[in-house]
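Engineer: Fit chains L and R to the given chain A structure using the hints.
Chain order of the listed sequences is A, L and R. Under my numbering, the first residue of the first sequence carries the number 1, and numbering increases by one thereafter. Under my numbering, the first residue of the second sequence carries the number 1, and numbering increases by one thereafter. Under my numbering, the first residue of the third sequence carries the number 1, and numbering increases by one thereafter.
In short, the hints are calculated from the structure, not lab data. Remember, it's a predicted structure, so these values are computed and weren't measured experimentally. Even glycine gets a Cβ: it sits at the ideal position worked out from N, Cα and C. It is possible that some hints are incorrect.
If you anchor each label on the Cβ, the simulated ranges turn out as follows [claimed, not checked]: (1) R/Asp283 / A/Phe46: 55 to 61 Å; (2) A/Ile139 / R/Gln178: 29 to 35 Å; (3) L/Gly14 / A/Gly138: 36 to 42 Å.
Below, simulated PhoX-like cross-link-like pairs (lysine-lysine); rule was C-alpha separation at most 25 Å, straight line [stated by the list, open to error]: (4) L/Lys126 / R/Lys55; (5) L/Lys126 / A/Lys97; (6) L/Lys5 / A/Lys201; (7) A/Lys201 / L/Lys2; (8) A/Lys37 / R/Lys77.
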Amino acid sequence: MNKELRSPLLFIAPVLTFILIFILLPVIGTVVTSLYKDITYLDNKFIFFENYRQIFQDPGFWQSLRFTMFFILVSIPLEMLLGLIFAILIDQEVPYKGFLRVCILIPWAIPAAISSRTWELIYNYNYGLANFICSFTGISVQPVNWLGTSLGAFFSLVLADVWKTTPFIAIILLTGLQIIPGEIYLQAQVDRANFLQRFFKITLPLLKPVFIVALLFRTIDGLRIFDIIYILTHGGPGGATASLSHYSYKYFLAGDFGYGSAVSTTLFIISFLLSLVYLKFGKFQNTLS
Amino acid sequence: MKEEKIQSILILLGSFFMVGFCLLPFIYMLVTSFSSSPDYLSSKVSFGFTFNNYRSVLGTDSLHFMQYLRNSLLISAISAFFCVFIASLGAYSITRLNLPHKMGFLFFILAISMFPQVCLISYLFKLMTSLGWINTYFALILPYIAWILPLCLWILASYFAQIPAELDKAALIDGCTPWQVLYKIILPVSRPGIFSTALLAFIFAFNEFLFSLILTSDHNARTIPVGIALFQGLHGEIPWGNIMAASIIAVIPILLIIIMFQKNIIQGLTRGAVKG
Amino acid sequence: MTKKTVLLISCLVFLFCGCSKTNKNTVVFEVGGAPNEISFWEEIIKDFQQQSGIKVEIIRQPTDTDQRRQGLVVALKSNKNNPDVFLMDVAWISQFAASGWLENLDNYLKADKVDTGIFFKNVINLSDKYNNNTIALPVYVDGGMLYYRKDLLNKYGFNNAPVTWDQLIEYSLKIQKQERKTNPGFYGFVWQGAQYEGLICSFIEFAGSNGGIIIKDNQIKINTPANIKTLGMLCDLIHIQKISPPNIFTEMKEEEVRTFFQQGDALFERNWPYAWSLHQNDDSAVKGKVGLASVPHFAGNKSASTLGGWHIGISKFSDAKDLSWEFVKFTVSYETQKKLAMKLGWNPGRKDIYKDREIKQKFPHFSYLGNIFENLTPRPNLPYYTQISEIMQKHINSALSGKTNPETALKEAELEINNSIKRYLK
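With the rest of the complex left out, here is chain A (with noise of 0.2 Å):
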């Protein structure tokens, strides 16, 4: 081999393998286990597209694909509009602005499995903080059953994801406020703007790209939602919000593991073409220059 790759290639070696073997390959098969009719008490048998042939007329299916659609559609706004909210405000310099950061900090490091339980003690009907909550202000007299109707079970969801993910939205923001030069803000002063205007003329404009860039990640990550599903609803009520990878993952214990890849692979093929889009309007060759 020419001296020059030689060496080059030997230290990338390690990354790629490791993705290969347990990244690339576990895709691949999965692709090739959605042609087949693969479950654990039959002979294995190929049947092309057969399997997706049955996704496409599977209620559950469609079912399953637009709760994680209008999931991202709601939640991810408001991650973006608390998380620029949060972001301004760990970027101030106030004397507990270490404390601000440890704060933010916590509902993101702490796994999700864990935060779940508690959201789902939360949520109880008969002696949760939500309910406590609602009578104690007079929301609401009646106890509301969060999880038992599909709007409230949705809306539950999405507080959860949203309490875990505005944190590191915001932590991106902030990259992206470090990076807007002082001296604009100062010209901006002395041109008597308002810190409105501030924010809409100066601030706004030029963090759309790290905006767009936290946007397409949450996305992407967004459609692989899992855990606190499997902890706070099962997919219930009637399967209102069973996600894809949740909706798959039913499958693969079932012991079908033909179909169940196929649901995955449609959900590969959808956060593919998304992450597409990432590519696309991220610039990432500023990072390295």
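Structural biologist: Then chains L and R, alone, in the frame of chain A:
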């Protein structure tokens, strides 16, 4: 002057809201873990301060709680260590050595980090089964390394890119091999960056749920998120007090890391977030 | 750096050695369930160890049936040699057997001259046979029951437990209204309605003699007028008469239902026989106030009770099959089965226990249960039952939550089930 006053009041109010929002579930978790009856919010019963939840979580062997926690800590630490090591080799190759199509590599790896985990589990399950590794540390550590690798690679690449090229050029002229340059110059210079990356990798591994759910079957390898998700206590119904106590104990290592290394974590995350 | 590397590598090596330990002299037994169930098994294991000198290691699982199944499926699908022995819900046995995960017990039975005639015949035939091989043995049998508050029925002038659903609704409405004056959280009837396997058990009973679920030629029929009527009634219990609490369809599983009733907050409870002795505990608010009856039925029909219960089997991948068999034999022995009844108040798979004098004395209701157990209604006995059940759970739960009406729910369920069954045929 007046405008600044409004601004500072807004910031104060906003901070209160933010702290409340972020901490409320955590405080509820903490408070409930000390209650003998988790239904203390309904008017019927009193709070009943107690340490019993902690006692039964820590003292009941058949709950295997400490084993879950130990598994989690070990698996996350080992994964983080190897991940950072492998990623630093890769990042060095991308930023310092003349790797052709380096942007192509980076994009490829970034795209891979966006694959949904559920697409991997059936194959990983079969792979680990055929190796006989289901329910061992290997079954989790190896996929974790691969899973966190893209993130570490990106962060480290951006750290390495900041080190002045003259440093290692000089070393190369002195006859050092690329390995020596990495080992003697790049790694020591970017030690804070490597440390931040390792912390992030640890937290990501500690958070992981789906792989652990599928690839482990009992306390010999199961990690704490799954342990708590499937937690079964001693006192009938859902043992909320025990679950909350277990959650608090499980969260302590993470909390310590955040409090001690808040600056490193935020710095690492902002590196990974890619400057637009 | 190098020091750390060495340290960590040695850690790994150490772990690797730690993982590959063999336990040829140990039987690994995986079991879950309510807390008292686990402590019972721990006791049994102690006895067994003393008697046979074989060590048994216990793996504790959750109470939730689905989560218990998941734990076993992961281990078995990956051909792990642990656990060796485990308890299975009746509903899983055909999937496990069809997947080839269960050891054929016939040779062991023959060698030790154990006659399967000692068990309930219909239970063995309905659930423990696969291709004419015996692949499991019933440890205990379950059938759905109606628990009621004797004291409250007497207080309001009702002399007997309700026999029909109309009676149950009538009693509930009246008593609930009065009791709420002192206990605002009081409800008439609690049952298992969350989206999980237990919902299907309840539904099979409620729909029971009124039609139920019919399987013929790999086609399932559940969209019948009778089933629609049943489901409509269940929805009305929650939304119209409001005698069942609104969290029935989100949170109510066996243990939640049991504690709800045991706190004195309900008049009627649908549950398995295990709840009986727990209701008689000293810390129970309903101690001595509980009566037991068959699940009500629609007028002009007869009561149905779902076949439930847990069976013991040996893993095909076990590395300690002979020792495991010793343990299986021990669990279905007269002494253990009697202890199961005495300690937990559960219902052994062995018929002869129901005639035991001591048992009859302690549990007068046992002979009554014995009769019911001869005629239990099984769930569909198919390897792909889990998928069918999941679809049914989803649609029935959706109807209970008020999201869809019973007609659409059952229509869609039937359509979806029959579509998916095609996939599971050879």
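Engineer: Each hint should be assessed against the structure and marked as holding or not.
Structural biologist: Right, here's what the structure says about each hint:
1. Distance hint check: the CB atoms of R/Asp283 and A/Phe46 are about 60 Å apart, consistent with the given range 55 to 61 Å.
2. Between A/Ile139 and R/Gln178 the beta carbon distance is about 30 Å. The supplied range of 29 to 35 Å therefore holds.
3. Range check, L/Gly14 to A/Gly138: about 26 Å between beta-carbon atoms, so the 36 to 42 Å window is missed.
4. Note on L/Lys126 and R/Lys55: the hinted pairing is violated, with a Cα-Cα distance of about 31 Å set against a maximum of 25 Å.
5. Proposed proximity of L/Lys126 and A/Lys97 is contradicted: the alpha carbons are some 48 Å apart, above 25 Å.
6. Between L/Lys5 and A/Lys201 the alpha-carbon distance is near 21 Å, which keeps this suggested pair within the 25 Å criterion.
7. Under the criterion of a C-alpha separation no larger than 25 Å, the hint pairing A/Lys201 with L/Lys2 is consistent with the structure, at around 21 Å.
8. For the suggested pair A/Lys37 and R/Lys77, the alpha carbons sit about 17 Å apart, so the restraint of at most 25 Å is met.
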